[in-house]
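**Student:** One letter stands for each residue in the lines below.
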Amino acid sequence: MSRINDVGGMQGFPAVVEEPDEPPFHSDWEAHVFALNGALLRRGVYNLDEFRDAIERMPPEAYLAASYYERWFAAITTLLAEKGIATAEELAG
Amino acid sequence: MSGDHSSAPVAAQVRHVEALLEERGVLDAGEIDRRIEAFLAGGSPLNGARIVARAWLDPGFRGRLLTDANTALEELGLSMGGGLQEQRLKVVANTDDEHNVVVCTLCSCYPIALLGPSPSWYKSEAYRSRVVREPRGVLREFGLELPASTRITVWDASAESRYLVLPRRPEGTAGRTEEELAGLVTRNGLIGTAAV
Amino acid sequence: MTDRFAPGDLVRTSSRDPAGHSRLPRYARGAVGEVVEVAGHHPLADERARGRTAPPQAVYHVRFPAAELFGEGDHAVTVELWESYLEPVDRRGKGRP
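Just so you know, the sequences run in chain order P, E and S. Under our numbering, the letters of the first sequence match residues 1 to 93, in that order. Under our numbering, the letters of the second sequence match residues 1 to 196, in that order. Under our numbering, the letters of the third sequence match residues 1 to 97, in that order.
Keep in mind the hints are simulated off the structure, nothing from the lab. The beta carbon of each residue, even a glycine, is placed where N, CA and C say it ideally should be. A hint or two may mislead.
As the list claims (entries may be wrong) - Output of the computed footprint for chain E on chain S, the stretches with three or more beta carbons under 8 Å from beta carbons of chain E:
| # | segment |
| --- | --- |
| 1 | 13 to 25 |
| 2 | 31 to 43 |
| 3 | 65 to 79 |
Between the sequences and the hints, there should be enough to build the whole structure, so can you do that?
**Tutor:** Dropping the structure here:
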């Protein structure tokens, strides 16, 4: 599908901004999301292609407004609900 | 990217989901912390720098690296394994006439097990959209001005390979040790947005 | 299973907008490129994204001149593409639609 993630060649984006000496993760929660995805992939709850697909299925405006790891977390919660691990209500807390 | 004030609710929701998954036996206690620690201790641009320095000094290694990087890495005690499945590492060499630069336009694929996390700019829409269409302009923004005669190849990591650029050895480095040479190599050089 | 293409072959990428997840970038649809190498063999991502298993098929590094992709530019873009995304083109430029 022509999805919002497929931005190669798309025009109008700004100059690339490089953050000097950036840390591996900008917050603890980002590191946790990274590790959570690894754990769920390892357990076979979903595969990497399903994970990418779940990110790509985000509504375009939500995708563009979300930070990188916010997108990951959105995909993880989508898949946890779709795979029946937890309901959307339980995940929202 | 969200600032601290807007990331607080996300942090709470992440903790909540982790606790829920631990309750349900989907996560082991301490598993997340162990994974984070292992990741940060593992991949690093220093691994890439060692590979490059060895290739600069040893033409045989360079040849093996360009032919089959996964096997050649083992000579340095490095590996592309350790993840869910071993990824193929493709090493692309810059020459006097050719410059290579790597992107993942569709998401942000990068050899993280070897090099550690990718920089945020690599993940950005700005980089992913523009470097395939106007690589010279993007490289100029990084401070890299290439002669018009240099042919640029952009590698889009759209499938299972992961990429490492082998930069050209800088002038005036004859006689330096392997360690000193490795010290010249930057993360951006391994992606292709710096000369080295 | 034999690989359909070999280094040096000209290939044309699909022009279709697929129904779900796919790894042929939009900018590279309907473009003619040259196979640089066989890069490996993997199950098609489109199928894996549906939670299905799939037999491995060849993925190729295919090199496109920028002008072919964007109408301008003096660089090349090499994309790693599953065999399913590709059709043959002969060097006289005729290819199956």
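**Student:** Going back to the hint list, which numbers does this structure go against?
**Tutor:** none
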